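**Student:** Order-wise, the sequence lines are chains A and B.
With the working numbering applied, the first sequence corresponds to residues 1 to 255, in that order.
With the working numbering applied, the second sequence corresponds to residues 1 to 147, in that order.
Please keep in mind that the hints were generated in silico from the structure rather than gathered at the bench.
Take these hints with a grain of salt, some might be off.
Which chain B residues face chain A? A few, computed with CB under 7 Å, are given here [as the list claims (entries may be wrong)]:
{"id": "1", "residue": "Ala42"}
{"id": "2", "residue": "Val46"}
{"id": "3", "residue": "Arg49"}
{"id": "4", "residue": "Glu55"}
{"id": "5", "residue": "Leu57"}
{"id": "6", "residue": "Glu60"}
{"id": "7", "residue": "Ile66"}
{"id": "8", "residue": "Val67"}
{"id": "9", "residue": "Gln97"}
{"id": "10", "residue": "Met100"}
{"id": "11", "residue": "Leu104"}
Just so we're clear, the structure is a prediction, and the values are computed from it rather than from any experiment.
Every residue gets a Cβ at the ideal spot worked out from N, C-alpha and C, and that includes glycine.
What follows is the residue order along each chain.
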Amino acid sequence: MPIKTLSSMPENTNVPTPDSAIRQVGFAAQLQRVTLPDLVQMECLSGSEASFRVVSDANTGYLMFSGGQLVHAMTRTLRGEAAAQEILSWQQGKVDPCKFRAPNPPTILSHWQELLMRAAQQSDENPTPNVGLEKVNVAQELNDSEFLSSDEPEKAAGSGRALSKVIRAVRLDTQGNVVVARGEGNQEDFAELSAYAVRMAQVVGEGLGMGGFRALEWTLPNRNGLLYVESNGSVASLEASPQAELNTLRRRIGL
Amino acid sequence: MSNALESLKGLRDVDGIIGSFVVSALGLVLFRDLPAIFTQAALAEVGPRIARLREALSHEGDVSNIVVRYEDHKLVVRGQPELAIVVLAEQGIHMPQLKMALNLVSKSLLKADLGALAGVLPGVGEVPDRAEPTVAAPAYYRGHRVS
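So that you can see chain A by itself, here it is in the shape it has in the complex (with noise of 0.2 Å):
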């Protein structure tokens, strides 16, 4: 019996074609020997609005999509392009999608196939991934606007000693969304426990008559915790270590 190719099979009219269709009936996959660039291209083709965490080794990264282009990335000490090189330099790991929504606007400016190039060059050009990136102190990261939004740079710029301890920091739109994250750990578990305490400081304040909430510290064996609500009602939480000095943030967030 003669084996049937895919051109001499019939045309099946049945099969739903739009987008929309395809991604509400789609595929719960696990693929292997998938590389980092497949993924890049596949999501960019497909218009996706993705979010992905990489973790290689002891490496953790963050790749988001959104309209077809690879719109952020972020490592525990990168973000932007210089992270998505890093994280595309990558050679094996696991690839599990999450919830983070890439932020607005995008720190990555360049188009995907760019990207991709760029990589592939740096990786002929430099086989031992890392080398040559700019690397950022996490508590530099911190400081930036886009965590630490300051309408005065040089009480932010010192703030920098006091954050040089952090363990790690995340930062919450009105809608919870998580828009910057930084540091050691699962950033989204960080997350959802900084909006819980945020939330049950709330209710507690309004059973009590205290008023608005403003901040939360917290202290733990190896860890003291600061979390506080900025005007825009954005959510910035962080962890540093005992030997951190959180004064001056403290006073710089008007505490």
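Keeping the supplied structure of chain A fixed, place chain B upon it in accordance with the hints.
**Tutor:** Showing chain B alone in chain A's frame:
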């Protein structure tokens, strides 16, 4: 129990303290030294929420200290896993004084073994509203004297 209540009253020696109460790990309010404006019903709602807040923050070991800042007030929670002292204070309270006072009160409460008490006694969360404190210290709420 009366010793524990006396310990709580001792916190009022620090200026700016509105009142305090002790809450179990489950959120039961075991003792209170608060103005009558804070009803038992309000505390019955607040207690479990404070317990949940403590539990949520205890992701890397037990949280020992929480300071919540509100527009006009502070809420300070100091405790062991089994129970915590919750202090309602004015915004400008002298924190070092409060911390020292809390250290002393915590020791007193631990001697009373309240953790065991909270687990054994039925209805222990239904402690009636406190009598007026024996120390005639004025109490303030949102800037107004309430006792």
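**Student:** Of the hints given before, which are not true for this structure?
**Tutor:** Violated hints: 4, 9, 10 and 11; rest satisfied.
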